[in-house]
Each structure stands twice: as C-alpha cells, then as structure tokens.
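Enquirer: Next come the chains, spelled out residue by residue.
Number of protein chains: 2
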Amino acid sequence: MPPLQAALAQAATEIDATLDHILPAAEGPEAPLLAAMRYAVIGGGKRLRGFLVLEGARQFGVSRQAALRVAAAIEMLHAYSLVHDDLPAMDDDDLRRGKPTVHKAFDEATAIIAGDALQAMAFGTLADEETHADTAVRIELVRCLAKAAGARGMCGGQMLDMLAEAASEPLDEVQVGRLQLLKTGRLIEFAAEAGAILGKAPSAQRHALAAFGRDIGAAFQIADDLLDATASAAETGKRTGKDAEAGKATLLGLLGLDRARMQAERLVAQARDHLDSFGERADLLRDLAAYTIERKS
Amino acid sequence: MPPLQAALAQAATEIDATLDHILPAAEGPEAPLLAAMRYAVIGGGKRLRGFLVLEGARQFGVSRQAALRVAAAIEMLHAYSLVHDDLPAMDDDDLRRGKPTVHKAFDEATAIIAGDALQAMAFGTLADEETHADTAVRIELVRCLAKAAGARGMCGGQMLDMLAEAASEPLDEVQVGRLQLLKTGRLIEFAAEAGAILGKAPSAQRHALAAFGRDIGAAFQIADDLLDATASAAETGKRTGKDAEAGKATLLGLLGLDRARMQAERLVAQARDHLDSFGERADLLRDLAAYTIERKS
Chain A
8 MPPLQAALAQ
18 AATEIDATLD
28 HILPAAEGPE
38 APLLAAMRYA
48 VIGGGKRLRG
58 FLVLEGARQF
68 GVSRQAALRV
78 AAAIEMLHAY
88 SLVHDDLPAM
98 DDDDLRRGKP
108 TVHKAFDEAT
118 AIIAGDALQA
128 MAFGTLADEE
138 THADTAVRIE
148 LVRCLAKAAG
158 ARGMCGGQML
168 DMLAEAASEP
178 LDEVQVGRLQ
188 LLKTGRLIEF
198 AAEAGAILGK
208 APSAQRHALA
218 AFGRDIGAAF
228 QIADDLLDAT
238 ASAAETGKRT
248 GKDAEAGKAT
258 LLGLLGLDRA
268 RMQAERLVAQ
278 ARDHLDSFGE
288 RADLLRDLAA
298 YTIERKS
Chain B
8 MPPLQAALAQ
18 AATEIDATLD
28 HILPAAEGPE
38 APLLAAMRYA
48 VIGGGKRLRG
58 FLVLEGARQF
68 GVSRQAALRV
78 AAAIEMLHAY
88 SLVHDDLPAM
98 DDDDLRRGKP
108 TVHKAFDEAT
118 AIIAGDALQA
128 MAFGTLADEE
138 THADTAVRIE
148 LVRCLAKAAG
158 ARGMCGGQML
168 DMLAEAASEP
178 LDEVQVGRLQ
188 LLKTGRLIEF
198 AAEAGAILGK
208 APSAQRHALA
218 AFGRDIGAAF
228 QIADDLLDAT
238 ASAAETGKRT
248 GKDAEAGKAT
258 LLGLLGLDRA
268 RMQAERLVAQ
278 ARDHLDSFGE
288 RADLLRDLAA
298 YTIERKS
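Protein sequence lines, in the order shown, are assigned to chains A and B.
The first sequence begins at 8 in the working numbering and counts up one residue at a time.
The second sequence begins at 8 in the working numbering and counts up one residue at a time.
Incorrect hints may have been included.
Identical copies carry no separate label here, and so any pair may be met within one copy or between two of them.
Calculated pairs, EDC-like style, for lysine to aspartate or glutamate (alpha carbon to alpha carbon, straight line, at most 20 Å) [unchecked claim]:
| no. | residue 1 | residue 2 |
| --- | --- | --- |
| 1 | K154 | E34 |
| 2 | K154 | D27 |
| 3 | K53 | D231 |
| 4 | K154 | E137 |
| 5 | K207 | D141 |
| 6 | K207 | E136 |
| 7 | K255 | D101 |
| 8 | K207 | D135 |
| 9 | K154 | D135 |
| 10 | K255 | D231 |
No lab work stands behind these hints: they were computed from the structure.
Model the full structure from these sequences, guided by the hints.
Expert: Next comes the structure, spelled out in structure tokens:
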C-alpha cells in the first residue's frame, strides 16, 4: 500500500476509535438518538478533514490525543451537515457512504435531531478538558469552527445551493466558486488550519496550511463533480449523475471536462506550493493534494 | 409597571439590540438565510433565559456587555430549537410567538439551515473576544452550553418527546419529568448558572443558581401545560390545546389540575429557597419565580 493510503487507513481507524469513545453508548431512553448519531458519523467516509487535522498537527509535534479529538469534532460537524443535506426538504438523498441515509435508516425527526446533537457535540468536544490544549487554544478552535460552520460558511453555502436550485438563471463561474468555498471549502480550510492552532504555530505557517486547505478543498470539489458525472453509484457509495439531473450549475458544466481537469490540477500545484516552508514531514500532505483529484470515490 | 415587568421589558429591549448587533444584516447572496435567522430570534418571546443570565450576572457585578452577549447566545440556541421543533417532521406548528413559524414564513429548507446556523452562531458568540471574559470563562460557557443542548440535554429531550408520541403506552410521571428536564430544563438551568460562571462565583453560589434554574424551569413547564389546556391561541401567541389533541402525557394530565398547580407552587417555593444566601439584589429573581406560574402567556 502506498504511504498515503496506509496513513489514511490508519487515521480513519484511530478517528473511528476516538468517535466511539466520545459518543455515549446507544443505551437508555434516548438510545435511538445516540444510535442515529453513531450511524451518521462512525465507520464511513474518507476522513479527509480528520486526516488534515492529524497531519497539520504532526508538523508542530502536537500530541496525537489532542489532534484526534479535534479531528473527531470536525468529522462530527461534517457528518451533521451531510445528515441535514440529505433530508427530503434539502437534497432528498437515500444513499450516503454506501448505506441508507439517516432519515431512511431511522426517520426524519430523528435525523434532524441527530444532526443538531452532533453539531452541539462537535463544539463540546473542542471545549472539553480531555482535548489536551490550553483554554486559549480551545477557544480559538471553537471560534474558528463556528465561523466555518455558520451563516458565512457551511450554512451559507448550503443556502446558496438551495437558492440556485430554485433560481431561473444558472449560476456563473464566480457564483459557483463562492458557493463551493462556503459550502465545503471553509470547513476543509479550518481542518487544515486546526493543527497549526493546536501547535501554536507562527502565523505564516498557520496561514500557509489554511491556504493549502482552501486549494485542495476547491480541487476536491471539482473532482467530486467529475466523479458525479462519470462514475457509478457502486463506485462512489452515493447517488451519481444527480447534478446533471437537477440541472445544477457546476464548474465542470461551466468549464467543460478538459478545462475543469486543468483547473483542478492547477489548484493542486498551488496547494503544494503553500507547503514550501515545510520539510519532509509534510510529504503526506503533498501526496494528499495529488490524491484529491486522482481518487475513484 | 411592577419592577419585574419593567426589568423584563428592559432586558428584552437590550437583548434584541444585542442580537441585532451580532447577527449580520440580511444582505448579499445569503440574504434569505440571514433574514430567516433574524426573523426567528429577534423581537419575540419572553426572554426568560436571557433575563436569567442578566440577573445571575448582576449578582456578581459582571459587566452588562458580557452578560448581554451570553444572554443573546442562549436566546439564539433557544430560537434554533423552536425553529426545528416546529418543522413538519417534528411538531408541525404554523404559529409561534404570534407569527407564522419560520418554515411557513420562508420554507422548510431555509428553516432547517437557519436553525443550524443559529446554533453555530450561539457557540461562536460565547467564544468571541467581544464577549469580554477570559478564555477559561468562555470555554466553560461553551462546554456547559454544549452539554445543555446535546444528546443528554435539549436534543435528548426532543427525542424522548418524539418517541413518546409514537409509543403505544403513555409516559408515567417519572418519564415526563425526565423528558421536560432534558427538553427545556437543562438550558434554563444553564441560563441561570451562566452569570455565576461569568462572575467566577464560588461553587456554592453557582450551584444555588443552577438549582434555582432547574426548579423554575420545571415550574414553568407545568405552567405551560396549564396554559395549553386553559388559554387561547390569541392569549399565548401559539396553538393551544395541542397536548390533549396529540394525546400527549403531561404532568397536568397525570396529576390533575389541582395537584399540578400545587406541584408548581412547591417548585417555586423551593426555587426561592435556593436564593437564601443571596441578598436583596436577588429580589427580581425571587419575583421571577412567582411570575413563572402566574403569567398568562
């Protein structure tokens, strides 16, 4: 197995173990809620965001335990956003990560509440003493997560996505870029930056990692569009071809296959440039940048 | 106007001004999201939770600015929970605080996202430097809010409520008590405690305020049941008679009118006892305890 794949698999295992430790067991009167939260977040996904936290933190010698808890918090936040995005009133999806979406496996009310509770738990995990970091570091993590997740971040992007579907005019390239930066970019940016916050890195290195995250986030999104257009549900574990079906404006649709691929490659090169001041220890992050556009799912 | 009513009105005005300052203007491409967030949280409600923060903070000489921001954060969290509770998949309500619910005034997707963004903003507001409190205080506030809002707090209570509606057997007194403690009690408890956290109060006084909050939260809930059973929608600004309609087990239903009233009175007396170590400055809190069961809406 190439080093990146081995590291990704190892990270996914450790992040799952951390989530399993943080999330209460599905017992007692609220068992269905806890079961839905666990179903939504444990054992699925590429853990791109969590891996970024772990690798970012490793650059600055941060303890694995602290990094894993922050990685778990960001994966909870990401999982909640998927649960709500899949709801009938939103994207109305039945399949996610190769299994039924939460509102299909449970019901709609449980999916709404489980998403809400995962968001609260993401913030609680960052704030908790068990996340071995001083209070100034933890409060900065909370502040940045709130920004990445809120009305000028993920929620804002989700709103733009809903508005675009209802609009009579398709979005242009600038509007699609902004939508994607908010909807997925801000959280990936924060994931890349979180290790630097944990490691109290100099501001230049913190900004370099944030910029790295922003670029691979954008590349990742184009790769997602390409997969949606060209791969099957069996390969990706979620419904494909849905962008075209929904008449959704994507960079792929606006640029065409060749120019979209070129732009993704340019973003990957740019992302790697941001790591110039980092040594060999950042090689897995460099490999990850390339991987975002080579992946098959 | 009696002192309590004047203080409640004054607090509501200041909390609204603080919310108006914190929430971005409804401008730009995400305007509908910001408009829905503002619609959900500004200019409505009794501000019981916010008032508890302000009065708790006043016992310890906390700056009004810090207390108002924490009050605003808790009101955002509370407002998000109402927006999601009112959704068709949950309680399916059309009326709230005398106006159409968010999914009626906007649409379902916007209501889901606005609730999500309000939750993120509640945590972000506590974490922000503008909330003039040191990092240890702010992180403690975040930690406690996450606990009050999560799977073992408000979300857990909401889940129990949904399960109770689907169950073949009605809940018993102990189960209803637990449901209400989680669904509304934990956040009211935290609101009462937050001022003590801000003021770095001795642990005995912090616990006394938390216990005060727990008791008036429970009394408030019984009073809500009584209003739902006896008042009209015009008086309360929301649909009434819905508990009976839904065959919902309430303490009122289980205890009967007289015993429910007696229990509420006992809780109010107990709440006031918790304030014994506080001086005259806590008189408004003592009045508030009585008001919870005397109010007409």
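Enquirer: Okay, which hints does this one fail, numbers in order?
Expert: none
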